[in-house]
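Keeping the supplied structure of chain A fixed, place chain B upon it in accordance with the hints.
Residues per chain, in single letters:
2 protein chains.
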Amino acid sequence: MTNGRTGRRRGNPDTREQILEAARHAFAEEGFERTTIRRIAQDAEVDPALVHHYFGSKDQLLLASIDSPFDPGEVLPGIIEGGVDGVGERLVRAFLGVWDGPGGKRGVVLLRSAVAQPLLVRLVREFFVSRILKTAVKELGLDIDKGAFRATLVASQLLGLAMARYVLKLEPLAGADQEAVVAMLAPTIQRYLTEALPENAPG
Amino acid sequence: MTNGRTGRRRGNPDTREQILEAARHAFAEEGFERTTIRRIAQDAEVDPALVHHYFGSKDQLLLASIDSPFDPGEVLPGIIEGGVDGVGERLVRAFLGVWDGPGGKRGVVLLRSAVAQPLLVRLVREFFVSRILKTAVKELGLDIDKGAFRATLVASQLLGLAMARYVLKLEPLAGADQEAVVAMLAPTIQRYLTEALPENAPG
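Here the protein sequences come in this chain order: A and B.
Residue numbers are given in the numbering used here: position 151 of the first sequence equals residue 553, and the series is strictly consecutive.
Residue numbers are given in the numbering used here: position 82 of the second sequence equals residue 484, and the series is strictly consecutive.
Certain hints may be false.
Note that the list lumps identical chains together, so a pair holds whenever it fits in one copy or between two copies.
As the list claims (entries may be wrong) - Dumping the calculated EDC-like pairs for lysine to aspartate or glutamate here, alpha-carbon to alpha-carbon at most 16 angstroms:
| id | residue 1 | residue 2 |
| --- | --- | --- |
| 1 | K548 | E601 |
| 2 | K507 | E431 |
| 3 | K536 | E435 |
| 4 | K548 | E573 |
| 5 | K536 | D547 |
| 6 | K536 | E601 |
| 7 | K536 | E573 |
| 8 | K548 | D579 |
| 9 | K571 | E528 |
| 10 | K548 | D449 |
| 11 | K460 | E476 |
| 12 | K460 | D473 |
| 13 | K507 | E483 |
| 14 | K507 | E476 |
| 15 | K507 | E423 |
Honestly, the hints are just simulated from the structure, not real lab data.
Okay, chain A solo, but in the shape it has when bound (with noise of 0.2 angstroms):
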């Protein structure tokens, strides 16, 4: 079996799984930044080159254990790319694209284990805002002071067409055209990452 993204053998499966089981253990207990690739190794008894050989990097490594419905490293660059202006679109555009396409059920069950699991909570907390957004709302360049409150405002609306659109299956948003979806919340995402925040806005 070769894996489609790199063309690399994925090996063993057995190895493979042990070191996943070893990482979501891992993850689960120290969270994500204080987790290491050799603990991991050392926990499913490998040498950390073939977890690496394996996986890739650390965030690849965290992306395979829950199973992620993509990977926020190839989708980012083309959002971020073009800076500022219609940002909100392109990522309300490339968030439909993967929840719509097959990635679309894992991240329904991503979202249910998140919501029962506060080790997962963490997991998610620490990742996808935390690194992922945050990293974003850097990367276009806007005000690091108050990047943080956006970031959560970004993710309060795709949090809530996640669960909307894909959980709930709440109609007629849930078999809305995608245009139509992208119309309506593009303003709302750009208005969180670029309008002036209120004075008590944390940060």
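Only chain B this time, still in chain A's reference frame:
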């Protein structure tokens, strides 16, 4: 024990719990619209008048059976009164009032369950979205044709706010001043309710 809202005696706790249990089953099986008080009374082996005596309307029985954090019948008139002008702001403020208040914990429990239990999903959908939000859209005098799409767009942002601020507790949104959240979210809700929809909008 008295019911804080009406001052009415709650009566025998066993009978009350028996009715709630029957209601939960009936609502889950039949959905909200098709369930009758008569059927619930029959299942609980009590007189229908007793169900009305304990819980009032079918709406209130549903709200009690899912331990709803709030009664839309109490909150909505204040939001709708005053018409379309400023309705986004009143809705966000009322929403935060409920969730930041003592009912917030029950809201988190309800949202967690709604994600995990398909039957509860259907109830939440049928009651909160179809009945409450769509009625509100109608009472605001907005175009009814597209009202359902507007209602689910509003639901997406409010669900996402609940997820981000109260379930996943994403900081700094989770700890942000109510008024900072109102300032950022009110224009979103206002826009979903009133801005011209794209041509390909469903409905």
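Hints and how they fare:
1. K548 / E601: For K548 and E601, only the intra-copy Cα distance (11 angstroms) is at most 16 angstroms; the inter-copy one is 36 angstroms.
2. K507 / E431: neither (26 angstroms within a copy, 25 angstroms between copies)
3. K536 / E435: Within. Shortest intra-copy distance 15 angstroms satisfies the 16 angstroms Cα cut-off; inter-copy 44 angstroms does not.
4. K548 / E573: between (35 angstroms within a copy, 12 angstroms between copies)
5. K536 / D547: Result: close within a single copy only, 11 angstroms intra versus 39 angstroms inter.
6. K536 / E601: Answer is neither; intra-copy 20 angstroms and inter-copy 34 angstroms both fail.
7. K536 / E573: Between copies, since 12 angstroms is at most 16 angstroms while 32 angstroms is not.
8. K548 / D579: between (33 angstroms within a copy, 14 angstroms between copies)
9. K571 / E528: between (27 angstroms within a copy, 11 angstroms between copies)
10. K548 / D449: This pair counts as neither: shortest intra-copy Cα distance 42 angstroms, inter-copy 59 angstroms.
11. K460 / E476: Answer is within: at 15 angstroms inside a copy they meet the 16 angstroms cutoff, but 50 angstroms across does not.
12. K460 / D473: So K460 and D473 pass the 16 angstroms test inside one copy only (12 angstroms; across, 46 angstroms).
13. K507 / E483: neither (28 angstroms within a copy, 41 angstroms between copies)
14. K507 / E476: Answer is neither; intra-copy 19 angstroms and inter-copy 37 angstroms both fail.
15. K507 / E423: neither (21 angstroms within a copy, 33 angstroms between copies)
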